[in-house]
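In order, the protein sequence lines correspond to chains H and P.
Numbering (this note's numbering) for the first sequence: 1 to 116.
Numbering (this note's numbering) for the second sequence: 117 to 1049.
Certain hints may be false.
To be verified - Among chain P residues calculated to face chain H with C-beta under 10 angstroms, some are:
(1) Leu321
(2) Gly467
(3) Thr468
(4) Met471
(5) Gly712
(6) Pro932
To be verified - Cβ-to-Cβ under 7 angstroms is the rule here; a few derived chain H residues that face chain P:
(7) Leu21
(8) Pro27
(9) Phe42
(10) Leu43
(11) Pro54
(12) Ala59
(13) Ile77
Don't read these hints as lab results, they were simulated from the structure.
Using N, Cα and C, we set each Cβ at its ideal position, and we do this for glycine too.
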Amino acid sequence: MEALLALMIGLLTAAGVYLLLRARTFPVVLGLSLLSYAVNLFLFAMGRLQIGRPPIVTATAAGYTDPLPQALVLTAIVIGFAMTAFVIMLALKARAELGNDHVDGLHEPEVRDTDS
Amino acid sequence: MNLLLCVITPFLGAALVAAVARLGTWQAAAAAAGVTLAAGAWLAPLVGGTFQGTTLIERYTWMPREGLDLTFRLDGFGLLFALMILGIGLLVILYARWYFSPQDRLGRFYTGMMLFMGSMLGVVLSENLIQLLIFWELTSLSSFLLISYWQQRTEARQGARMALTVTGMGGLALLGGILLLGQITGSYDLSVVLAAGDQVRAHPLYLPTLLLILLGAFTKSAQFPFHFWLPNAMAAPTPVSAYLHSATMVKAGVFLLARLFPTLSGTPEWTWIVSLTGLTTLLIGAVFALFKHDLKGLLAYSTISHLGLITLLFGLGTPLAALAGVFHIINHATFKASLFMAAGIIDHETGTRDMRRINGMWGVMPYTATLAMVAAAAMAGVPLFNGFLSKEMFFTETLGTVAQLRFGWLLPLTAIVAGIFAVAYSLRFIHDVFFNGAPIDLPRTPHEPSRWMRLPVEVLVALCLLVGMLPALTVEPLLAIAARGVLQGPLPPHSIAIWHGFTPALWMSLIALTGGVLVYEGRRPLFALAARLEGRLEARRPYDWLVAGVFGVARWVTVRLDLASLQRMLFLFVLSALALGMAGFWSAPMPLTGAGPLLPFDPVSLLVALGLAACTASVVVLHRSRLIALILLGAVGLIVSLIFAKFSAPDLALTQLSVEVVTIVLLLLALYFLPQSTPAESSRPRQVRDLLLALAAGGGNAALAWAVLTRPAESIADWFLTHSLPGGGGANVVNVILVDFRGFDTLGEITVLALAGLGIYAMLDGLRLPAPAADAQGRAWDPDAHPLIMASLVRLLLPLALLVAVYILLRGHQLPGGGFIAGLVTAVALIMQYLANGVAWTRARLPANLHPLIAAGLLIATMTGLGSLALGYPFLTSSFVHFHWALVGDFELASAMAFDLGVYLVVVGATLLILIHLGLVHDLSRPPAEEPR
């Protein structure tokens, strides 16, 4: 099971990095989202994997998984949302001001306007 | 309590003054004066004890193990400085009311001055050295604001920047020195450091400690070769110069020398470095002052010279010299502040500060002229004025060292030369300005200034005279306790009197006076020589070179690193991250697989993993069709949430699920304004290159995750698990960590969230984007933007969804849930209304101003923390009670739940703020759709 999760983390990272290196803003935002999934899973995995042992204290529980990485990842997910929102707004603003959605902010009109 | 209040009052008062200043100039001045008096009032009850010789220490523990406490100290020396700061501050406040013209914003000046006053009081009343340094840096910062008061003037900005650079660098050196001192003595408490003099002086790190601390003191007190910032700071308004650059801030450096005198002095290193620096500064300042045609420039160089004199006295290292140094600090503050004020009056009345044009002012303003003459006489060291007394002590001390040092005779000789020039420039100040023929082409017609503008000068000049004539009755007690505070021991036998008989010091004074008159008489050839050397002997040259050099290096690095392409920069960034990660792997040769227990595979998990892999790969392959890629991204997010659920993280699963919904809605809204597909622009080699890098990064992460996952865990989890229920009153440990154990972190996180929301609001405000008329395939939009069935259904769902949100919020402390998740659920429920019914319809029915909501959330969360502070517990301490209600049953009510409510409100507010304003951009960018019924 650990191997599966490690593979998934690797796959999400690779996909995220590849999209991060694209030239247009939207794929970069997609890549950033994939990368944050990978990072969140990675952080979460630092507490090791347990099945059926949520960190909810009860009298009958056989054991608990590590709650600390979970607390960290929980806020990371929310902050990740704020970051994604900020980046996509920057992308909108950049397109409004520069007339295209290239990440390097080239001052030239869209090469191929796909809107119409 | 009083010392803390005394220091903090000006800081709080700064806000008050800024608010009151809107009412008018008089109100601003009155408020500033009131704040100053209030700060003094806190100090007043302690004065009696200080005069009896007690040292008051006030301690508020913060991190005692690290030696970081809020600690204040009041002894005679601190009291002397506090009195100067408050007393001269009060006079400057009155003076500034008349100095500034109506178009200057007085509120800003007084606010800056209050900040400076508080910082300066902090410096002189600190017992903890780190705390002293913080206030020290605050004086640099607030003086930057004050020097640059006339921001529209280039020289004001340059002067402020130079002062900040030089004193800031000095502050950095001082920090190093203080840290070393703390290492040597084991404490940052001044009492400990002062008592550990022998230990410090014998320590191998003594010399670096001394050098670093002296760098701090010398830059602040404008000692050679760092003196050049002070003349350039004269671009400040004159009240600032009178307050900062004569009486208080530049004295902070000599304050530090005096404060650490018992610890650091008494070694050859101290004597040589400090006295040589002082001597050089004394001479250079005095000589340069004579040749400055600018009234304030003359005073600035004279200040440098007098600071050099004080430094030299402390450098000599004898108790009597230290006493003379303290005495000269007092005298210089009184006569130099009054001279600056007089110079300000002349500037104010004539419109210029050029002494070649201002002549014959005696005929216009005889009263001001008299005051200025008295102060200048004190500066020159004429008998019967206070400057004479300390200067004579200074001459005596220089004579005392003749026998002790090689070339010792140089010391009194240089002192006499500097004395001669001091007399000459004082004479020039008087003769050139008030006599010497008629004024030349003045911008304004001068006359006597307002009665109130003169009053502060009168007070200071009266002090000069009183101290000068009746030293034993006036200054003696204060001087005695201050010097005792400096020496931390008994005072040497001394007598401050005008007449000691025909001592060698008196002869030196007489030589200086006569020589000064002669030099001034023969000034014309000297001035001609100075005009020819003008600009060659500028000490700021090296500074300019240094600054230009730093800028050059920065430009060189930037040009080489900045590729002007984010895409390429990002590639390099990932590549370097990868290289660093690889280096980590390589440097620690360990087996990749650890010895921990592993979980067995199961077919369902394998299936889910395959789904995730398929979706992720599809996002990459299909990323040019943006809408499809986005939908697949949503699927990836949902599977991630399943992974969290599988591995015992219900809270994370819920959070991921709700965040995913919000994110996809947000990206869909944004995609509307972006091209619907990505053009294929990257060349094949570039794609292969990126792919290889991506695979390497992914492989590295997978290997790292594998390496960790296969090793047994050592965690601090047990502590949280055991203390969650008894300590935090909650069974859901994740939630208890968030709102209780690590509540401070969460407070920071919701603040970031709120800021992101506000930042997006600012970016979107009024933004109009080209809206596409048709979708990606060229079909027109559906005219029925808000289908009736969906609109009705969503309206029905709203109360149910809100109920679920409240339930999740309330149970969060015990079961999976909490403020973050409940906030996201609420946001989703409300956003559904906007999507189904349109922004206009929903805004008319729901409160659309979300800023108060965010503010309320942050306020509630902060108040929960402050509440525990008020009850005497650390910030954000939680407490809980057990309840039993009929029907509801047993439950715990924790104060952390109020904190969670704050989290909830911020999450709802920030999420809605972002989405609604993006929705508004839609409405702005296209004609409003027809409203549904």
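Query raised in the report: Looking back at the numbered hints, which does the structure fail to meet, lowest number first?
Result: 1, 2, 3, 4, 10 and 12
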